[in-house]
Amino acid sequence: MPGKLKAKIVAGRHLPVMDRASDLTDAFVEVKFGNTTFKTDVYPKSLNPQWNSEWFKFEVDDEDLQDEPLQITVLDHDTYSANDAIGKVYIDIDPLLSSEAATVISGWFPIYDTIHGIRGEINVLVKVDLFNDLNRFRQSSCGVKFFCTTSIPRCYRAALVHGFVEELVVNEDPEYQWIDRIRTPRASNEARQRLISLMSGELQRKIGLKVLEMGGNAVVGYLQCFDLEGESGLVVRAIGTACTLDKLIPGTGSNTITHTNTAPASNACNSPSKEIKEPVFSEDPTHPLSVPPTPLRTLPPSSSPPPFSPSKPCSRQSSSSDTDLSLTPKMGMGSGISVGKEAGPLKTLLRQQAQSALEQREFPFFTLTCFPPGFLVHIGGVVSARSVKLLDRIHNPDEPETRDAWWEEIRQEIKSHAKALGCHAVVGYSESTTICEEVCILSASGTAAMLNPRFMREGCLDAGGSDQRLSRQPPLGMVGSERAEGEVSSSWLGFDDASPPSCGFCHIPYDEFNMPFPAQLTYCYHCRRQKVPDVLFTTIDLPAEAAVTGKGCLIQARLCRTKKKAQGEVNATAISNLLPFMEYELHTQLMNKLKLRCMNALFGLRIQISVGENMLLGLASATGVYLSALPAPGGIQIAGKTPSDLSYDQHISTMQKRINDTIVMNKELYNIHPPECIEEVVGSPIPDRQRSRLFRSTSESSDELSELDLSHGKKDAFVLEIDDTDAVEDIQSLLTDAPMPAGFYSCNTEVMPGIYNWTSGLQMFTSVRVYRLNNANLTNQGLNKIFTDLCENLLKSLYFKLRSMIPCCLCHLNFTVAVPEEELIQVAVTAVAMSFDKETQLAADKALNEGSGENEEQLQFSMELCGESTSSNNQPTAKASGLPESAMTHSSSRVSSSERCSPLPEVRSRSLRSTRSLPCGAPVTVVKMTPLSFLPMTRIVKYLGIINMFFIRETTSLREEGGVSGFLHSFIAEVFAMVRAHVAALGGNAVVSYSMKECVFMENPNKNQAQCLINVSGDAVIFVRESDQEAIPPLITSGQTSTTGADGTT
Amino acid sequence: MSMELDVFVGNTTIMDMEVYQLWLDGLTVSDAVKVRMDEGALLECEANPEVLTSDTMDQFRTFQMCERLLHSPTKLGSQLLYQIPAQNQIILIERYYEFDSVFAREVLGKKLSKGTKKDLDDTSCKTGITLKSCRRQFDNFKRVFKVVEELKGPLVENIQRHFLLSDTLARDYAAIVFFANSRFETGKRKLQYLSFQDFAFCAGQLISYWTIGAMGAPTVPDSMMEDMDVDLEKEFLNELKDLKVLVNDKDMMDQHKILVCAALRGKIKVYKLMEVNFKNLSRALINLASKLTHTKDVRDLFIDLVEKFIEPCRYDRWTVAEITLFLTHYTNAAHCLGTFRHQMIWDRYMGVIKSCILQMYHE
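Quick mapping for you: the protein sequence lines, in order, are chains A and B.
When we follow the working numbering, the leftmost residue of the first sequence carries the number 1, and every step to the right adds one.
When we follow the working numbering, the leftmost residue of the second sequence carries the number 1, and every step to the right adds one.
One chain only, chain A, in its complex shape:
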């Protein structure tokens, strides 16, 4: 019985009128946890009741604490009839279970009802007393931290990255239970909300257990999804990356290293092998300390070993770095092995074990998209797998074997694809489903990569690792010293002097003479030592250290395919037959659009395929960039097959001219001015063919189809033959993409390469559109046009809406498409608009151009370094922490300049103003929301816990609520409000890594009804402005306001 949950109901405000006669309400509150319920007194005749209740105490298992939400129901007392429910508040207790997150939940929560929406607010206080639990067989995993953020959270460092964790739980959907026939939709929806809340709690607990088993203490990149399978049930599944995180003490850069000594990270998982040498992927034979070669054993036996070099003992690094030395006490079980000594035969053996550690993992997958420097060694390309399944009822919810098996299958496939690419791991990994009737498409995708196994074995990801990530900033005028930086960091990274971090990840991981697919290789344009492909597709974010020329932009490929209506098996077969063609066309579109923008790499690639009854939608989004290390892309050539007709020739040449003009214009627009280089194509076995990094397959019911040949037959890659009607369509779609209005940039990744001086101005938004296709007999081409126009118009509307923020960049533009009904297409977008400083941007652009397109550090924001860097500047560990000193001095100078140009801290000035002008109690805490993992010009000082909320809203008076748009508009606003309220109650002032995972909208205009489900998630944090020298956590202030607010009303 290891926990006591305490809740106190303080007051309510703005309650709805429940008694027409008196225009007042007699409200009371039920507080429920598990099976225990408490009630407050009735506070008669008031819309602003002051219950000021006693502390309701629940003595519960910590298992329940994790699974169950605290349920607060506000009711109107009625003497003669049944009490009417006003609404509910579900409070997730989880943030209180971790010592590092929030300590108290206190604040105003919107009272939510599935029919009426938000109906007033209630002030609640919640605390948890946890007793120490020494039970080894416990079922709870209290204290494991969860992060939606897909990078190592700022203010933590990763001591160890354990790897992939996954779990799924299934249940019957209450909406499809027999009781649903007799109860009201409202009761049914409440049951669903409660159930899903419970299931996500359970899921999180189970994943936490797995993490504890692995020896970790946190899950990063936690991605939870719902599959509403209708009659066959409800599946809640989650994936994530288990890590051991150590908290960085803010403002004490070097102290963090001492701090890690005490971290109880060591566990069965970091086996004896951990402290040993680095396997080094280097062809440089000059290392004095090199030991006998240890080939990486990550490749499938079938493929020949890649040209990996002799490994270099990591002891060299260890002895050179204070960090590593200081970490030695951590090696609990490996205590028998001395650390600093040179390699002996035993060591070699252990190293090999370490090497294979990654391989032994069932799924070497990582949901992360941003990595500490040095983590990512090489990138192979995108791997993806899809599988079409027929849903049937889940017979035994406790043993969801079929669903597990399905995912297992897909993951195996991904793993084998990665192997074929010569990679031992998959990063930026994600899974998704699309369901239509009883057909379900499971999809998984990621980026095949070679990782530095050091990070998976041992806590030698020194403080610099997360610091570096933390502190992406534009060192203006930094370009000159870039070379020095390269040296410093490569020796620090210690794996490969030949591949500087700015290009190393582009080097091919696979064997150049036995390539898994046709590709054209050249020597890296950056270091000239290793081979690179000509195009690179990835699902991850652009690595901070990558060298990029110019700016990036959002690239989308859109596709619509009609399908005959069918049932069951036939339908599934029809869909799986269509999938490969869709993928192929999406890929071609992406490639063409990339060329048109004169870019050579895609990051954050996300391909979504959505099934409807009579059509399939495909939408691929990615951020295109020009990687300096990769060769310049060639243009696009149009050729006609029968060049006999003169007018036809003319037509072709006009088209060609338009394309060429667009390319020139885009180069200017995205500031792409690569240095002129001599083309040196090196021996590619199959030259002159389309080079594709996209590697995928489609399988249906585990019958794997043969791999697709993605090359355009034997044709040259960039020649589009317009005799082919498809190609005409391609060209049309190429040229119909409207350019962005001046002052706007867009990307679907965390940040835009080439923009660094963000201001604090940001605006997160969600936009949803539903189109009805009135004409049932549309051709594929007609549909494509409609779909493309829909997306383009949506973007145009967004630009117009956000024009007051110019110059600005729409970051993390995340499109979700769905076919909710026949003839309906739904597109939902969540993104953040961030404005940047034009003046400094111009200066930076100039510096960038002078510096021949090298900007490996420009991606870093100086503002975020702040006190840490200055303090660590004086420390001998500065080098070990991975921050080149030159960068630090620059950063500190940037801090001062940013202070100068930055206005008053927004939050503060706002609250000042509002207290002056709105003398109505404590002002509402401003809570910022962003889908990114950071807020510009600020520093995150604390993570308060994960926000994972699920809401259903229904209406039977659609017209009265302003139609479908009015209904959804207020629902989304309500969801935002509830997220903000929960964050504020935890003491936070922002949500990072926010995403709307699900937005299922159903309507029945004839019955005047509609219903919508929304699932959102994110990380609640406290941030402080960079300009604030003293970090004052808003926790204190918000605590005060809420208590004063409560006192004031009593």
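What the hints contain is simulated information worked out from the structure, not anything from laboratory work.
Be a bit skeptical, because a hint or two may be false.
Stated by the list, open to error - Pairwise CB distance ranges, derived in the manner of DEER restraints:
1) ASN780/A x ASP139/B: 33 to 41 Å
2) ASP139/B x ASP41/A: 32 to 40 Å
3) SER72/B x ARG20/A: 13 to 21 Å
4) ARG20/A x LYS132/B: 26 to 34 Å
As the list claims (entries may be wrong) - Straight-line distance between alpha carbons at most 27 Å, and here's what the computed DSS-like set of lysine-lysine pairs gives:
5) LYS45/A x LYS142/B
6) LYS8/A x LYS146/B
7) LYS152/B x LYS45/A
8) LYS142/B x LYS296/B
9) LYS45/A x LYS146/B
10) LYS117/B x LYS132/B
11) LYS152/B x LYS296/B
Stated by the list, open to error - Listed next, the stretches of chain B that the computed footprint assigns to chain A, with coverage defined by at least 3 CB atoms under 8 Å from CB atoms of chain A:
12) 2–10
13) 40–50
14) 55–66
15) 72–80
Cβ coordinates follow ideal geometry from the N, Cα and C atoms, glycine included.
Position chain B relative to chain A; hints supplied.
Positioned in the frame of chain A, the structure of chain B alone reads:
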């Protein structure tokens, strides 16, 4: 193909203040789009009519959803549904409660009842303000009236506290509430030339000098000051009867006239006419004062001023400067009358009357 649903929701609620004005003006979405196009909105951000329509619809919907909160502006600051920066909240409220003075002039002094609301379409036709906008303005008047009617304490401060309006706007509302409460006659043809601002000024004068709250309020305990700004002070109105002595006592009247004439001789062009008319003018003002105990006569205050004083002066082509001089000396001369003992009342009365007449004396 048709757009079935189209929403945009920002974490910080985006509000375009130009569109807000169009919404407040009661335009339909399509009219608003036309106006925006004429104002060159299409030149911004490469917009097209479709984008503009979508944006306008979305903005109108946002305002409509916020309207409920604007009805009790204090809620806007504490509600959680929309995150609106404080400075935007202030603008939202202020603009929502702003009104067209032409409209306010029409409604001024009328009972804020359902009946009046029904006649708003006439008002709309007459003023050229959309019916929707008329209704909003009328409802605002009524809402403010209802809230402050029940409250104790200074009127302007009450309005500011409950509706978070700027000082100027709160004063205008105070005037509207004051007129609606006392039901002053403003609709007569002869009063048509007066603007809302003229009346608002007069209301301000009456509130400042003739109500209970006006004189030495601190001496009266708060609890006693019921409706202190809304109603004229009864006691004062009764005391006004004492001023009759200025016309009833022949000697005093002559004396008064001599003093005024002496002061004005050679200073005003209409001196002759003034000399002839002095007794009539003086009688008009004093009679007005003595009648104010009757509610009916209070209501007719403005029409009486116009008929009995302003019109005769206008007939004789007095200039404003001449009226100013006359009223100043007329007021001051009474102080020199040895037998006149109601100096305090006299000043309190004449101060207001003088400034009202001066405000109202124009074409």
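Hint-by-hint comparison with the structure:
1. ASN780/A x ASP139/B: 33 to 41 Å: violated, 54 Å
2. ASP139/B x ASP41/A: 32 to 40 Å: Roughly 38 Å apart at Cβ, these two residues keep to the hinted range, so it holds.
3. SER72/B x ARG20/A: 13 to 21 Å: Between SER72/B and ARG20/A, where Cβ atoms are some 19 Å apart, the hint holds.
4. ARG20/A x LYS132/B: 26 to 34 Å: This hint holds: roughly 28 Å between Cβ atoms.
5. LYS45/A x LYS142/B: Roughly 25 Å separates the two Cα atoms, so the pair holds.
6. LYS8/A x LYS146/B: Distance of about 37 Å is beyond 27 Å: violated.
7. LYS152/B x LYS45/A: holds, 23 Å
8. LYS142/B x LYS296/B: The hint holds at about 23 Å.
9. LYS45/A x LYS146/B: This hinted pair holds, its Cα atoms lying about 21 Å apart.
10. LYS117/B x LYS132/B: holds, 11 Å
11. LYS152/B x LYS296/B: Between LYS152/B and LYS296/B the Cα gap is close to 25 Å, so the pair holds against 27 Å.
12. 2–10: holds (count 9)
13. 40–50: holds (count 6)
14. 55–66: Holds: 7 residues of the segment 55–66 of chain B have a Cβ under 8 Å from chain A.
15. 72–80: holds (count 7)
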